[in-house]
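Assemble chain S onto chain A, guided by the hints.
Protein chains: 2
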Amino acid sequence: MFVAKQYSEKHQIPYYECDTTQFLKIPTLVKMLIKTSGAQSDALGVSDEFMASLGLGWIILQHDIFIKRLPKAGETITVTTEAESYNKFFCYRHFWVHDEAGNECVFMNTTFSIMDLETRKMGSVDDEVLAPFESEKIKRIRRGEKTLPLETVHGEKEYTVRYYDIDMNKHVNNSVYLDWAVDSLDAAFLMTHTPEKIVVKFNKEVLYGNKIKSEYQLDDDGISRHNIISKNDNSAKVTITWKSLD
Amino acid sequence: MFVAKQYSEKHQIPYYECDTTQFLKIPTLVKMLIKTSGAQSDALGVSDEFMASLGLGWIILQHDIFIKRLPKAGETITVTTEAESYNKFFCYRHFWVHDEAGNECVFMNTTFSIMDLETRKMGSVDDEVLAPFESEKIKRIRRGEKTLPLETVHGEKEYTVRYYDIDMNKHVNNSVYLDWAVDSLDAAFLMTHTPEKIVVKFNKEVLYGNKIKSEYQLDDDGISRHNIISKNDNSAKVTITWKSLD
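Chains as they are written, first to last, in the working numbering: chain A, 13 to 258; chain S, 13 to 258.
This is chain A alone, in the form it adopts within the complex (with noise of 0.2 Å):
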């Protein structure tokens, strides 16, 4: 069996990493496994930097994460990913979250692509910038989690983009969109709900100062779906699977 180059880190979740229930914020979630790549990728010397000097850069199109437990503030825990596998189009990274008992708490798998920094188009995965990692090519195209589309709006927000949503790519970093699907939702929900699946789809960036509006459906079997929506472009679609906090 091929077996990818794995990576580590450790981390103590700090209070302010969580919210009002004490459990981790699920946009710092994302984050903080897409460090770990960013961290891996340094350590092999294929940092950003050293991508941005070939004229490119990787873009993230869909996130699945499937959840046991969020981990709390306090706890510390690790967090190892892999570059799993790639293709001609795309490449697969796996991340977990271990808590200090060695449970696993979290496992996502993104798919990447890579992005010509000047036409801005996906480019094709380059032999040379993935040998680092020891990921294993193949042929096959693999298909994510589906995300399912809205049938009745239940209710939406409105949100401008932030000055700190943006990052170093000078677009708004992929766990906004979840800060923004959460958000639409009651707080009365969210404090006595928690995640067990994520699924995010994102079909075009947005920009500092666009003007979002974040749908959803929330069915009675704890399903929501939503839309992220910018200048009438679907920017990104995410699902979650809640289950009640006892």
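Simulated from the structure, these hints should not be mistaken for lab results.
Do not rely on the hints blindly, as some may be mistaken.
Claimed, not checked - Residues of chain A clear of chain S, computed beta-carbon distances all greater than 12 Å:
hint	residue
1	A51
2	M63
3	I71
4	K80
5	E217
Said to hold, decoys possible - Below, simulated DSS-like cross-link-like pairs (lysine-lysine); rule was C-alpha separation at most 30 Å, straight line:
hint	chain 1	residue 1	chain 2	residue 2
6	S	K80	S	K22
7	A	K100	A	K209
8	S	K100	S	K17
9	S	K17	A	K22
10	S	K17	A	K182
11	S	K80	A	K182
12	A	K225	S	K169
13	S	K47	A	K84
14	A	K169	A	K47
15	S	K47	A	K47
16	A	K22	A	K225
Glycine included, each C-beta is placed from N, C-alpha and C at the ideal position.
Showing chain S alone in chain A's frame:
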């Protein structure tokens, strides 16, 4: 000379705590500093939970922040705090950020008070609660730095309090006011300037779902003055002295 007990923590700054120019986000700097006061309280057996069991909670009245340089992504900083002194109504706490070479990057002086959790009114500061910090008891009321009133509104933005803005006290976390103040300024200004001094005075708590107006005046001397207004009340005033990034 009286010396209060000090408490220190190291912190490596992940990129996601930084803005698009790689400097630590200002609201995150404040959250990071305040975190250490909670950690010291826990370590000394006077945690927030213990305070709550007495019907008391800490509230923040003012931050005076002096910045030599904002730390950047990847740096490991040391945050140190002490409950320097107190009188009948107020506690004065000091915070420092030092870089790996031991240089002081940031100093913050924060004025706390104690709130009766039932009446939501200010209570008097109890000697017993303060004893473990070895804080000096003083008679005088210290005057913090001054905020400047707005003479002309140069710009304003509106915000709605989000679920993740609320902390365990069920009101907007003190750091979020800085998010609203900074974000009201133009991105082009923020990308080319860095703060040297920040004064925040809190007047009134803001709750989940409240609508906020963030007004600013930015003068040629590089000083920005901010009002954070909720329901026609001035909830906080902020004054920031900026300098150009070279």
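These are the hints, each one checked on the structure:
| no. | hint | in the structure |
| --- | --- | --- |
| 1 | A51 | violated, 9 Å |
| 2 | M63 | holds, 15 Å |
| 3 | I71 | holds, 16 Å |
| 4 | K80 | holds, 22 Å |
| 5 | E217 | holds, 14 Å |
| 6 | S/K80 x S/K22 | holds, 19 Å |
| 7 | A/K100 x A/K209 | holds, 28 Å |
| 8 | S/K100 x S/K17 | holds, 20 Å |
| 9 | S/K17 x A/K22 | holds, 29 Å |
| 10 | S/K17 x A/K182 | violated, 43 Å |
| 11 | S/K80 x A/K182 | holds, 26 Å |
| 12 | A/K225 x S/K169 | holds, 17 Å |
| 13 | S/K47 x A/K84 | holds, 15 Å |
| 14 | A/K169 x A/K47 | holds, 29 Å |
| 15 | S/K47 x A/K47 | holds, 22 Å |
| 16 | A/K22 x A/K225 | violated, 36 Å |
Going down the numbered hints, you'll see the structure goes against 1, 10, 16, while the others check out.
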